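Using the hints, build the complex out of the two chains.
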Amino acid sequence: EADIYQTPRYLVIGTGKKITLECSQTMGHDKMYWYQQDPGMELHLIHYSYGVNSTEKGDLSSESTVSRIRTEHFPLTLESARPSHTSQYLCASSAPGRGGNTEAFFGQGTRLTVV
Amino acid sequence: KQEVTQIPAALSVPEGENLVLNCSFTDSAIYNLQWFRQDPGKGLTSLLLIQSSQREQTSGRLNASLDKSSGRSTLYIAASQPGDSATYLCAVSLYGQNFVFGPGTRLSVLP
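Sequence order for the protein chains is A and B.
Quick note: to get this note's numbering, add 33 to the position in the first sequence (first position is 1).
Quick note: to get this note's numbering, add 7 to the position in the second sequence (first position is 1).
By construction, these hints were calculated from the structure, which means they are not laboratory data.
There are no misleading hints in this set.
The calculated SDA-like cross-link candidates involving lysine to any residue, where the alpha carbons are at most 20 Å apart (straight line), are:
no.: 1; chain 1: B; residue 1: 49; chain 2: A; residue 2: 71
no.: 2; chain 1: B; residue 1: 75; chain 2: A; residue 2: 136
no.: 3; chain 1: A; residue 1: 90; chain 2: B; residue 2: 8
no.: 4; chain 1: A; residue 1: 64; chain 2: B; residue 2: 101
no.: 5; chain 1: B; residue 1: 49; chain 2: A; residue 2: 141
no.: 6; chain 1: A; residue 1: 50; chain 2: A; residue 2: 112
no.: 7; chain 1: B; residue 1: 8; chain 2: A; residue 2: 89
no.: 8; chain 1: A; residue 1: 90; chain 2: B; residue 2: 105
This structure is a prediction, so every number in the text was calculated from the model and none was measured.
Only chain B is shown next, with the shape it has when bound in the complex (with noise of 0.2 Å):
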């Protein structure tokens, strides 16, 4: 059964840094992996989402990359800033079978 984990599960930084948060998966045979950002009480937005023969994506500030062999997959965020603290989740896609999504990272970005 896939399993998927976060680390950390919570990380609070100052302004300006650059983060990494991580996703790890048991099955490797993954059709794809997505990663979501939420926002207090809301519903999950898309922001980034990596085909399993691809080995990163990058929008804006974030940079996602997959490395289905060790399974893992780790989101970069750069010069972070308070409108980006909210709860990092990843889900993965595995053939034929729902997403299973990860506990989430929630971030803190302070002014």
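Pulled out of the complex, with its shape left as it was, chain A reads as follows (with noise of 0.2 Å):
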């Protein structure tokens, strides 16, 4: 069973606010990943991590920032939010093999609306 963990699960929040949506793994996981989803929609990876004082940016433009300062945690920090981004965030872990990604766990998921 997939240890990882994300907080708040929704979240309506007004335009202009700071947010920080939190992800968290138990399994020693190097790779950590952020997607976000638009219903009915594909994924689209946002931010990725290799470790610790690693951060990426990834295929879809986002206005939101990373930080991996431990191991097991990942949050995503949006400085002031907008109604454009009102979607669903998705946060994911994998331990690397060799020369590639091992299996992938997912987490539950944040479902912001800004109003």
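Below you can see the structure in the form of structure tokens.
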């Protein structure tokens, strides 16, 4: 069973507020990811990390930022939320294998609504 | 650039049918392929992981096969149930690169 947790599960917030979406995993995985997914649409990678102090931008440009101070924790921050940020945000982790990624595990997601 | 497609995009079947969902990828140099299930508004649940050296994996009523040379994987669901209704996604992992996800197949199993 996957041990990766996201909080909050649902968040409704006003425009201009600063928010942080939390993601934690207890599997000791080095690689962690943030994906953005609109309802019924495909997953888009917005950030990933190879390990502590490593953060990289993904395929989809995002106004969010991430940090990786501890292996188990990969929070995502929006400094000033806008209605265009309304979406579902999914966190995932995987352990690097020899040359590639091993099995990926996902959290339950955070559904963000900016009003 | 690796591209992943899934056919069909949506499928609606009566309960009890055996199903085949298809996943195709353009670059055969994959490290592994993973099948996921996603319920509406939820995260992804890992169903099966096939390493590049393997041909298939089985879990309960699910069987996934991999043919790297042709760039295809199939997910076989036996004796489908209404609880199987969800979106099924495949993802390939390339050497030294991130996962590439398909768009998913939306499955409805009618009682």
